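There are 2 protein chains.
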Amino acid sequence: MVGAVLVLSGPSGAGKSTIISEASADIGEYYFSISTTTRLPREGEVHGKDYYFVSKEEFEEGIKSGTFLEYAKVHDNYYGTSLEPVHDALSLGKLVIFDIDIQGHRLVRAKLGDITTSAFITPPTLIELETRLRNRLSDNEEVIQRRLENAKSEILAVGEYDFAIINDHISRAAREFSIVANAARLKHSQIDEATFIKNWLASE
Amino acid sequence: MVGAVLVLSGPSGAGKSTIISEASADIGEYYFSISTTTRLPREGEVHGKDYYFVSKEEFEEGIKSGTFLEYAKVHDNYYGTSLEPVHDALSLGKLVIFDIDIQGHRLVRAKLGDITTSAFITPPTLIELETRLRNRLSDNEEVIQRRLENAKSEILAVGEYDFAIINDHISRAAREFSIVANAARLKHSQIDEATFIKNWLASE
Chain A
1 MVGAVLVLSG
11 PSGAGKSTII
21 SEASADIGEY
31 YFSISTTTRL
41 PREGEVHGKD
51 YYFVSKEEFE
61 EGIKSGTFLE
71 YAKVHDNYYG
81 TSLEPVHDAL
91 SLGKLVIFDI
101 DIQGHRLVRA
111 KLGDITTSAF
121 ITPPTLIELE
131 TRLRNRLSDN
141 EEVIQRRLEN
151 AKSEILAVGE
161 YDFAIINDHI
171 SRAAREFSIV
181 ANAARLKHSQ
191 IDEATFIKNW
201 LASE
Chain B
1001 MVGAVLVLSG
1011 PSGAGKSTII
1021 SEASADIGEY
1031 YFSISTTTRL
1041 PREGEVHGKD
1051 YYFVSKEEFE
1061 EGIKSGTFLE
1071 YAKVHDNYYG
1081 TSLEPVHDAL
1091 SLGKLVIFDI
1101 DIQGHRLVRA
1111 KLGDITTSAF
1121 ITPPTLIELE
1131 TRLRNRLSDN
1141 EEVIQRRLEN
1151 AKSEILAVGE
1161 YDFAIINDHI
1171 SRAAREFSIV
1181 ANAARLKHSQ
1191 IDEATFIKNW
1201 LASE
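Same order as they appear, the protein sequences are chains A and B.
Quick note: the first sequence uses the numbering used here, first residue 1, plus one each step.
Quick note: the second sequence uses the numbering used here, first residue 1001, plus one each step.
No lab work stands behind these hints: they were computed from the structure.
Just so we're clear, the structure is a prediction, and the values are computed from it rather than from any experiment.
The hints are all genuine.
Computed list of lysine-lysine pairs in DSBU-like fashion (alpha-carbon distance at most 30 Å, straight line):
| # | chain 1 | residue 1 | chain 2 | residue 2 |
| --- | --- | --- | --- | --- |
| 1 | A | 73 | B | 1198 |
| 2 | A | 198 | B | 1073 |
| 3 | B | 1152 | A | 198 |
Modelling step: build the complete structure from the supplied sequences, incorporating the hints.
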């Protein structure tokens, strides 16, 4: 049994976690992939829930021993996805949801393309993104500017995704997300085509 | 405004029309593309509902004047899809559903790939297809054998489709179909990417 993969990308401030939480009753069981990072935890962040927080040395050891499905270095910190829990969840036939950036999406698609669906989630405009980032009061000016610069370059990759979800109304965005997640789950039936055809044609 | 396309293929006897009808409350408004054919109407078939029935001369005139989105000749009869009603429905932003064969799917995908989603709908096995064809008592032995031969070659194309829907339980198949149809509808947001990015980045 093989599960399916749903990659979500989009600027910080797009509302990805709110959307997932609003839609969770409609999308059935899933495994949310937790990234590993070398950056320090922010206030309130929990090891094993928000991220796996590890040292630079541990991360680089992981790179060398091939434990990452994908990883990248952003502003001097590593971010990556460990292969093992993803592999375990897929073996159980689960839908695995990734919240990763556009580089991560490319790597996951390259490795797991057959079972991958992807969605880019974004506020309706850059201006609206800036408003949301300022309203949440959690980032200083430098961080806000960096997020806006990142968003300006990430939006150019929207065409690489199967779906774009514009988060202007949370209820509509959550409804669209649940459609995408349920469609992603159906993709697992596509794989192992040769066996499917053989069984379909079998006379007994 | 541009709509989206959903192509359905699969053997006669797969239950496509039952599935669409079961799911229709969940998939919103759509335009079901009516094919044009030169074959004679069967008992109960209505011109403009089941097919547009035309003469061989009319059909060949249509081919020459480029009015078909796709067409094929099967067992001496032409089958095709007129471009104009599809174009009109797409201009209104509608989801257009096609029930066409694997050749038709290839042609539609080649022409409208950006906005096309496709699903192959099939009974669980060839044996089960044969049982269903015999139970419906509408075809003679020769027609049943021809449908089974067609099904054996069409199943080999299942991998060309975005989704496979196995119609073993009608309620589950209808639920899967509604997920696929709603996902297909979301695809229209993917197109005209350049305009989307330009508007997203615009400072006012």
